Amino acid sequence: MKMKKVLAAILGATMTLSLAACSSGTSESETSSSDDSKSKDTKLTVAIWDSNQEAGLKEIMNDFTESTGVKVDIQVTPWRDYWTMLEAATQGGEMPDVFWMHSDQISSYAQYDDILLNLSDKIENSDKIDLANYPENLVSIYQNEKGDQLAVPKDIDTCAVWYNKKMFDEAGIEYPTVDWTWDDFREIAKKLTNPEKNQYGTAIKPGSYQESWYSTIYAYGGEVISEDKKKSGFDNPKTIEAMQLIENVIKDGSMPEYSVVAENNTEELMMAGTVAMTFQGSWMIPDLASSDFIKENCDIAPLPKGPNGTKSISNGLGWAASAQGDHTEEAWQLIEYLGSKEAQQKQAELGVTMAAYEGVSDAWKNSHPEFNMQAYLDMLNDAQAYPSSKNTQVWYQVLMERMVDSFSGAKPMDQVCKDFAAEMNQFLAEEQ
Amino acid sequence: MNNKKRKKYINRKRKEFAWGCLFILPTMTGLIILNIIPIFQTIYQSFFKTGAFGRGNIFVGLTNYKRLILDGAVWQALLNTIKYAIAEVPISIAIALVIAVLLNEKMQGRSIYRAIYFLPMVVAPAAVSMVWKWLFNTEFGLLNHLLESIGLKSVAWISNPAIAIYSIAAVGIWSVIGYNMVLFLAGLQEIPRDYYEAAQIDGANSVQQFFNITVPLISPTMFFVVVTRIIASMQIFDSIFMMIDTSSPALKKTQSLVYLFYRYAFVENNKGYGSAIVTLLLGVIMIITIFQMVIQKKWVHYN
Numbered sequence: 000m001k002m003k004k005v006l007a008a009i010l011g012a013t014m015t016l017s018l019a020a021c022s023s024g025t026s027e028s029e030t031s032s033s034d035d036s037k038s039k040d041t042k043l044t045v046a047i048w049d050s051n052q053e054a055g056l057k058e059i060m061n062d063f064t065e066s067t068g069v070k071v072d073i074q075v076t077p078w079r080d081y082w083t084m085l086e087a088a089t090q091g092g093e094m095p096d097v098f099w100m101h102s103d104q105i106s107s108y109a110q111y112d113d114i115l116l117n118l119s120d121k122i123e124n125s126d127k128i129d130l131a132n133y134p135e136n137l138v139s140i141y142q143n144e145k146g147d148q149l150a151v152p153k154d155i156d157t158c159a160v161w162y163n164k165k166m167f168d169e170a171g172i173e174y175p176t177v178d179w180t181w182d183d184f185r186e187i188a189k190k191l192t193n194p195e196k197n198q199y200g201t202a203i204k205p206g207s208y209q210e211s212w213y214s215t216i217y218a219y220g221g222e223v224i225s226e227d228k229k230k231s232g233f234d235n236p237k238t239i240e241a242m243q244l245i246e247n248v249i250k251d252g253s254m255p256e257y258s259v260v261a262e263n264n265t266e267e268l269m270m271a272g273t274v275a276m277t278f279q280g281s282w283m284i285p286d287l288a289s290s291d292f293i294k295e296n297c298d299i300a301p302l303p304k305g306p307n308g309t310k311s312i313s314n315g316l317g318w319a320a321s322a323q324g325d326h327t328e329e330a331w332q333l334i335e336y337l338g339s340k341e342a343q344q345k346q347a348e349l350g351v352t353m354a355a356y357e358g359v360s361d362a363w364k365n366s367h368p369e370f371n372m373q374a375y376l377d378m379l380n381d382a383q384a385y386p387s388s389k390n391t392q393v394w395y396q397v398l399m400e401r402m403v404d405s406f407s408g409a410k411p412m413d414q415v416c417k418d419f420a421a422e423m424n425q426f427l428a429e430e431q
Numbered sequence: 000m001n002n003k004k005r006k007k008y009i010n011r012k013r014k015e016f017a018w019g020c021l022f023i024l025p026t027m028t029g030l031i032i033l034n035i036i037p038i039f040q041t042i043y044q045s046f047f048k049t050g051a052f053g054r055g056n057i058f059v060g061l062t063n064y065k066r067l068i069l070d071g072a073v074w075q076a077l078l079n080t081i082k083y084a085i086a087e088v089p090i091s092i093a094i095a096l097v098i099a100v101l102l103n104e105k106m107q108g109r110s111i112y113r114a115i116y117f118l119p120m121v122v123a124p125a126a127v128s129m130v131w132k133w134l135f136n137t138e139f140g141l142l143n144h145l146l147e148s149i150g151l152k153s154v155a156w157i158s159n160p161a162i163a164i165y166s167i168a169a170v171g172i173w174s175v176i177g178y179n180m181v182l183f184l185a186g187l188q189e190i191p192r193d194y195y196e197a198a199q200i201d202g203a204n205s206v207q208q209f210f211n212i213t214v215p216l217i218s219p220t221m222f223f224v225v226v227t228r229i230i231a232s233m234q235i236f237d238s239i240f241m242m243i244d245t246s247s248p249a250l251k252k253t254q255s256l257v258y259l260f261y262r263y264a265f266v267e268n269n270k271g272y273g274s275a276i277v278t279l280l281l282g283v284i285m286i287i288t289i290f291q292m293v294i295q296k297k298w299v300h301y302n
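Taken in sequence, the protein lines are chains A and B. For the first sequence, numbering that gives the first Met the number 0 gives the first residue as 0, with consecutive numbering after it. For the second sequence, numbering that gives the first Met the number 0 gives the first residue as 0, with consecutive numbering after it.
For the record, the hints were derived by calculation from the structure and aren't laboratory data. Note that the coordinates shown come from a computational prediction; the quantities given were computed from them, not determined experimentally. Any given hint might turn out to be false.
To be verified - Within a straight-line C-alpha distance of at most 20 Å, the following computed DMTMM-like cross-link-like pairs (lysine to aspartate or glutamate) qualify:
1) 229(A) / 267(B)
2) 251(B) / 49(A)
3) 152(B) / 418(A)
4) 252(B) / 429(A)
5) 65(B) / 429(A)
6) 48(B) / 429(A)
7) 389(A) / 201(B)
8) 132(B) / 429(A)
9) 251(B) / 422(A)
10) 410(A) / 240(A)
11) 251(B) / 65(A)
12) 252(B) / 404(A)
13) 196(A) / 193(B)
14) 132(B) / 422(A)
15) 145(A) / 178(A)
16) 48(B) / 418(A)
Take the sequences, apply the hints, and build the full model.
Now the structure itself:
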């Protein structure tokens, strides 16, 4: 009997903590494909998170394989699991050879010298890559404190408004132009709302921060985080003013019920013909452009203006390589190719994303001539760097929680912003 | 018993023990490496402020536990977890037992029915959650469509903080009935037919037979199912992770302890605090399981 008790206790304990084993389990499956180091033909594993880009990138990588003989295997892990995977792989010493890096995460990887391959010397000796060809703030995101370059910019993204032309026509409203303001946006959203037809002006949710309300904050002259990354911008009166505009759009009834907004992605609501205007990042274009409904009814407009002009949050991914891998030389060759003008241009032409390489994105516009893609390119002039700090996720997670309270109408926006600013300041102080 | 015989007996026992050990060796090795060592590592880690990638850990004593005690979200999550377990375990067991009894009778297509009830168990939990998420959708979901077509108001199944955890529990019940049923079927087949025949001669109807013969005699199986299901339901994670978006107003009232553990350990990279949360869960499950061990004498009948 006693033995049984002990066994049951152990059973309970192991079932609880087998969770802990999961984290090391993920890396096991990754290893299989990178094991053939001794065979003649090298194979690089490449990790990305956006399946929309897989086909285009595969085509670009095929060119690389053709010219060098190095094979490439692209593995897609969805964004939600990507960083868990990469962290476990890093800890287990089984990182993919080449992978995407994001501004949210770079600082935790950059604090150690033996995780990401240091590309500085290689870039200096390269005739294909000159960092002057990429936007400066994008280049500097991917540097460590010593100024070593740890990733080569892959792309750049901006945000814009997608609107349903038919709904505008029916309401007799002119399509948005470059001059429209956030106040215009509020008025138009109100006019386009018709609950009887289950039609609403817009849908903005806490989770669409990068595309929508972060842009509002900067357009009003506010900020999410101070430039030295030591203070929250949420107690800035201008930030609060911007967030109150969003609150007013919600109070006007221009959005579907909050449960509907929360349960669906904004692009889904757009495709279902429920909302007239949504905010979408340029990375969403492959998804949106494949919908017949969108092709038939929708087009793209620039973001509205605020007192501080138009501001589009702009971010860009980087190509980074593992410093631990067996194929660092080949990995560098691949990154060098992916960052070159030739591959960047092809990336734009195929419509995968806008190029990080300056001046070649015009080709991207022609990948979908049926839409006003120029709106996204114009936003590059009004780009606002994606706000992040050393440990962005820590305050971001809480920000999402607090914003749910105000977006759902449970708490007034100014109160939520002020309270959150205090919390965020505390997190930022702990980061230092 | 003379000495020689006794020696022989002891020798045989020893041999059996050695063979027994050999046979469980593969399982034990896996268990120790994959489960038992990580348990202690996790508890150890909960006393540290962890750096990224398992480097630069700083010993901080009970700081993580102090934070945990003051963290309202943790206690809310514990409450959510318990609510889920209370909703899922008894209902899934009751339904599974009734189905098992019915499917234990001789009838046509018995194995087809058994297979159908077991099907949800073989589908990946993530896929199950995705389908249910669509069914539950307030605006476009099939459930609300049906409600509206018979003139009822639609319900925010997974966005209303008051009911979302029970919607998730409903999915849990649906998924686990088949598994419980198979265990009960095995238990039912252990019960000798004579008891039922004797009861029939005494004039007992089938309801009386169920409560006076089936229920007491199946109690060892029932005990096993209750213990393992409570442990599993306390670890609920995947359906919450898949069905409740971070923008959902119901997240606070549905996130379980394991969900919080995931958020802190993997999203925020605070493995130390995550470990403290999961150690709390370990403690809670231990206490519940020990309590069950103690009270089993009152209701479990071993033959």
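Going through the hints against the structure:
no. : hint            : result
1   : 229(A) / 267(B) : holds, 18 Å
2   : 251(B) / 49(A)  : violated, 29 Å
3   : 152(B) / 418(A) : violated, 36 Å
4   : 252(B) / 429(A) : violated, 28 Å
5   : 65(B) / 429(A)  : holds, 17 Å
6   : 48(B) / 429(A)  : holds, 12 Å
7   : 389(A) / 201(B) : violated, 77 Å
8   : 132(B) / 429(A) : violated, 38 Å
9   : 251(B) / 422(A) : holds, 18 Å
10  : 410(A) / 240(A) : holds, 16 Å
11  : 251(B) / 65(A)  : violated, 52 Å
12  : 252(B) / 404(A) : holds, 13 Å
13  : 196(A) / 193(B) : violated, 67 Å
14  : 132(B) / 422(A) : violated, 33 Å
15  : 145(A) / 178(A) : violated, 42 Å
16  : 48(B) / 418(A)  : violated, 26 Å
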